[in-house]
Amino acid sequence: MQKDGGEQVEMKKEILEAFQICDSTFPIGTFNHSFGMENYLFRRVIRKAPQFREWLENYYRSQFRYGEGLLVLLCCRAMEKDAEENTKEDLLRYDDLITKSVAAAETREGTRMIAAQMLILIRKIYGDTIPLLNWYAEQTDSGHAYGNPAIAFSIFAYSKGLSCEEAFNLYGYSVASTLVQNAVRSVPLGQREGQVILHDVIQLIADLYEKTAGLDEDSLGANTPGLELAQICHETQEARLFMS
Amino acid sequence: MNQRYAGEIRLDFTERNGRTVASTTYRRGNSRISANIAEAGEIPYYFLISTGGGFTEGEHYLQEISLGDRTHAILTTQTPNYIYKCEGGRLTVQDHLVTIGENCALEYYIDETIPYAQARFRQNTEIRMEKGSRLILTDGITSGWSPDGESFQYRDVGLKTRIYMEGELLFNDFLLVNPEEEEMRTIGCFEEASCYRSAVIIDEAAGADMLEKLRSCLQTCPENTDSVRFGMSLLEHGGVVLRVLGKDPEGSYDLVQTWIRYYREQIMKWKHFELRKNR
Numbered sequence: 001m002q003k004d005g006g007e008q009v010e011m012k013k014e015i016l017e018a019f020q021i022c023d024s025t026f027p028i029g030t031f032n033h034s035f036g037m038e039n040y041l042f043r044r045v046i047r048k049a050p051q052f053r054e055w056l057e058n059y060y061r062s063q064f065r066y067g068e069g070l071l072v073l074l075c076c077r078a079m080e081k082d083a084e085e086n087t088k089e090d091l092l093r094y095d096d097l098i099t100k101s102v103a104a105a106e107t108r109e110g111t112r113m114i115a116a117q118m119l120i121l122i123r124k125i126y127g128d129t130i131p132l133l134n135w136y137a138e139q140t141d142s143g144h145a146y147g148n149p150a151i152a153f154s155i156f157a158y159s160k161g162l163s164c165e166e167a168f169n170l171y172g173y174s175v176a177s178t179l180v181q182n183a184v185r186s187v188p189l190g191q192r193e194g195q196v197i198l199h200d201v202i203q204l205i206a207d208l209y210e211k212t213a214g215l216d217e218d219s220l221g222a223n224t225p226g227l228e229l230a231q232i233c234h235e236t237q238e239a240r241l242f243m244s
Numbered sequence: 001m002n003q004r005y006a007g008e009i010r011l012d013f014t015e016r017n018g019r020t021v022a023s024t025t026y027r028r029g030n031s032r033i034s035a036n037i038a039e040a041g042e043i044p045y046y047f048l049i050s051t052g053g054g055f056t057e058g059e060h061y062l063q064e065i066s067l068g069d070r071t072h073a074i075l076t077t078q079t080p081n082y083i084y085k086c087e088g089g090r091l092t093v094q095d096h097l098v099t100i101g102e103n104c105a106l107e108y109y110i111d112e113t114i115p116y117a118q119a120r121f122r123q124n125t126e127i128r129m130e131k132g133s134r135l136i137l138t139d140g141i142t143s144g145w146s147p148d149g150e151s152f153q154y155r156d157v158g159l160k161t162r163i164y165m166e167g168e169l170l171f172n173d174f175l176l177v178n179p180e181e182e183e184m185r186t187i188g189c190f191e192e193a194s195c196y197r198s199a200v201i202i203d204e205a206a207g208a209d210m211l212e213k214l215r216s217c218l219q220t221c222p223e224n225t226d227s228v229r230f231g232m233s234l235l236e237h238g239g240v241v242l243r244v245l246g247k248d249p250e251g252s253y254d255l256v257q258t259w260i261r262y263y264r265e266q267i268m269k270w271k272h273f274e275l276r277k278n279r
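Keeping their order, the protein sequence lines are chains A and B.
Residue numbering for the first sequence is 1 to 244, as defined by this note's numbering.
Residue numbering for the second sequence is 1 to 279, as defined by this note's numbering.
Please note that the accuracy of each hint is not assured.
Unchecked claim - Computed footprint of chain A on chain B; a stretch qualifies when at least three of its residues, placed anywhere within it, have a C-beta under 8 Å from a C-beta of chain A:
#, stretch
1, 169-175
2, 180-190
3, 233-239
Claimed, not checked - Counterexamples of contact, computed for chain A against chain B with all Cβ distances above 12 Å:
#, residue
4, Glu14
5, Asn86
6, Met113
7, Gly127
8, Asp128
9, Asn134
10, Trp135
11, Ala206
12, Met243
Don't read these hints as lab results, they were simulated from the structure.
In this text, a Cβ means the ideal position worked out from N, Cα and C, and glycines have one as well.
If we strip away everything but chain B, and leave its shape as in the complex, we get (with noise of 0.2 Å):
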């Protein structure tokens, strides 16, 4: 572990006689994990904390999650990620680096990004999984924060996941945007919306069969709102993407919570949990 990291965490989970324990909770820095939230049952919670409220400008943080074979855990982010004013331009970045042994399943609920005026962010994700595991990741940005509460005033952001199984390449799944250089509110950007979410499932039977019960929970429920616009699609091996664009942070939150619910309790047939935690 190193100290040129402003905050760090390493979380290891290993099976012992069937169940998932962690073996390893380290942290250094501005990040600490929080104790196991019993809410999940005998599948280990944690969150993953920011102590200073938000990241600021040119701070570099590390996640390292691993997951041996067999093992089940869940993870969130206690608050939306807020990246400070980056007034002498330089980045600032949170590496987040998972590995997925054989048979498991990992939920991994990161918060939406809200980057303050002038922010400059870069989020880089990658996820090593192997045969048989599953995982559910959401992630998102908004229009930001600013003083005088005009939408759009960071620099630049990149939220870039790359999700690998047995090696190869699922997905390349990189967001960029840069208000410095584009009109946010035009066709193609971001257009009426405030909030963009992603959640995706990487799961060997998606297919066909899953798209259309996923398509269907989400079209007759009452999450579906005029504030909302969502689309999911099929990657091109054994993955689910669901993108939502909405006016409000809450009401696409909602949403997305409702498609990871069903995937969960319908078709993985897992105990229903509570998420949260306030919003």
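So here's chain A without its partners, still in its complex pose (with noise of 0.2 Å):
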């Protein structure tokens, strides 16, 4: 942010048009994907607050820090430092890594249908002010890139000036938010156990942040054998209110 006056308004808007696509009422399908937690609501492993918690924060421990988390901070970092067909290249890349990482064949058919809503609205807003995200749309229409939320919102949040702390925060707390609301639907969960829950996922991105910036391409789609076998499972799981 700058010191600026004059600065510090036009820094606000952006990060408030930021905000609109980390909304969780952003129609872009998040409110169809538990992405396992519904396993274990139909395991009756997951019952109350205290367990949506435990799942929400080791979810983010393992699979947001090395997965999407991580890849805003690489995506992030691909667009400051490159030339852009340099850029362009690490992104395919990461986009194929990202989605060859995930063993749930659900949950990456469920992020590849996010992104492709993404990539639809923001294009609504914006129209084709945004070419790398022209182009990003152009890559998941034709097949060169699966498509991945995380990265459709890097490059959003790139061209709006937003630093990649700022990114991975704003878009972790985007996951957290939509994922508290899918609970308060269907765990049982109360809105306002959900909101403590979701303050205090705040405090664990931050922390996740410093965890991470230090991470490379190596680290990406590293798991957890509960979350993901959570994942596969649903995939045969009778009944079910979720698409993943």
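Hints given; two lone chains; assemble the complex.
Here's what the structure looks like:
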């Protein structure tokens, strides 16, 4: 953020614009995906707020940190340091690597669907003003990329002048707020309890940024057994509210 | 070959008159290769052995395996892979570099890793395949060993496998277990389990039909007990993966073997053979 008064106002507007994309009501289908949480509900491992909190925090410590969280940092760095052609090459490699790191077919499919919706909606709002985002949408449409919402968001956030850390935190908040809303509908979890958990996850995301900033591409896609198995088992689960 | 490795194995297989033969069986240091085991008939079948009984802190091991076109080989570790304590915090490392030519089959049964208290370990497996080839790969990790019998006393273990088909990444399979930073008994980590196992089949024909068959084979098998939880899913292209969390190493081992036997014998129509070996 700039200290100069005029710049400050400009940046605030851009933070708000990024926040709009991160709002859990931004209609890109995220409300359809529990990323394995519903399998724990089905098995009655998650019953109330404490177990949901445990799942959510572990989701952040492993799958978010080494997955979409690290992906945001890698994408932002690639846009900061590289010439355009190299940036594109890096983004395509990350898109491939993150997709191939996910064993659960439903989770890959859900991620792709959210990315496609996000790209459509950002472009509806901003038209053709973000060239790299247009390029990424073309790559996904033509089958040269799978599509990942963390990549799409990073491109958008970078175009709005956000730092890597701001993009990481905002994207992390966006995923958490959606998962909390999904839990409120399904766990069941009170709206107030949900907000307390979300607030604590904000601190966790900030801590994770410190721990994740030093990682490189080699760590991308690392996973933890239980989270992944739940995502795999959701595929054959009988009663389902969510698509993943 | 290089003195910096505590143990090295190099195994090359080539086709001669329609049969697979091992054209190179090189070993050095703490690594050994068994004689060919006759169990699998015409298919070469070798045990890969660590003479130290396990890996000690800071040691680096290397296995290089190559299959020439139209070959079929079976490899397995002789025992679980014990990783001894790393009091100085230095990593113990094992690298597997595997190249597989066209129309081959490699069965690579890596036993589970058993890290001792304070152990740190990285296993990096890179498998480069060419078209028409198949792969069966197993792997796993347990809650480890410690003098007081407590589980998850190790520091951090990463098992990373990258599989490429004709230069394209098929699967980046990276399990990272970090009991030093995370509470292993919580939701999303190991929960109630003490053993994690994975089996991957790479086969161009892997699709919804094969997945359905493999699912029904485990649904009804006697190894499907309360002590194991498992699931399987299709990779983006030409592969299927099985993950198992078990309360004991044996039950999860038997389940994985049943799954693989079904693929080998019912889908591939390969001849039955017994993998082992005492457990």
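We went through each hint and held it up to the structure:
1. 169-175: holds (count 7)
2. 180-190: Satisfied; 7 residues make the cut.
3. 233-239: Check passed, 4 qualifying residues.
4. Glu14: The claim stands: glutamate 14 of chain A keeps its Cβ more than 12 Å from every Cβ of chain B (closest is about 34 Å).
5. Asn86: holds, 19 Å
6. Met113: Its Cβ never comes within 12 Å of chain B, the nearest being 15 Å, so this holds.
7. Gly127: holds, 32 Å
8. Asp128: holds, 30 Å
9. Asn134: It holds; asparagine 134 of chain A is separated from chain B by about 25 Å at its closest Cβ, greater than 12 Å.
10. Trp135: holds, 21 Å
11. Ala206: holds, 16 Å
12. Met243: Consistent with the label, methionine 243 of chain A stays out of reach of chain B, its closest Cβ about 14 Å off (over 12 Å).
Consistency note: the structure conflicts with none of the earlier hints.
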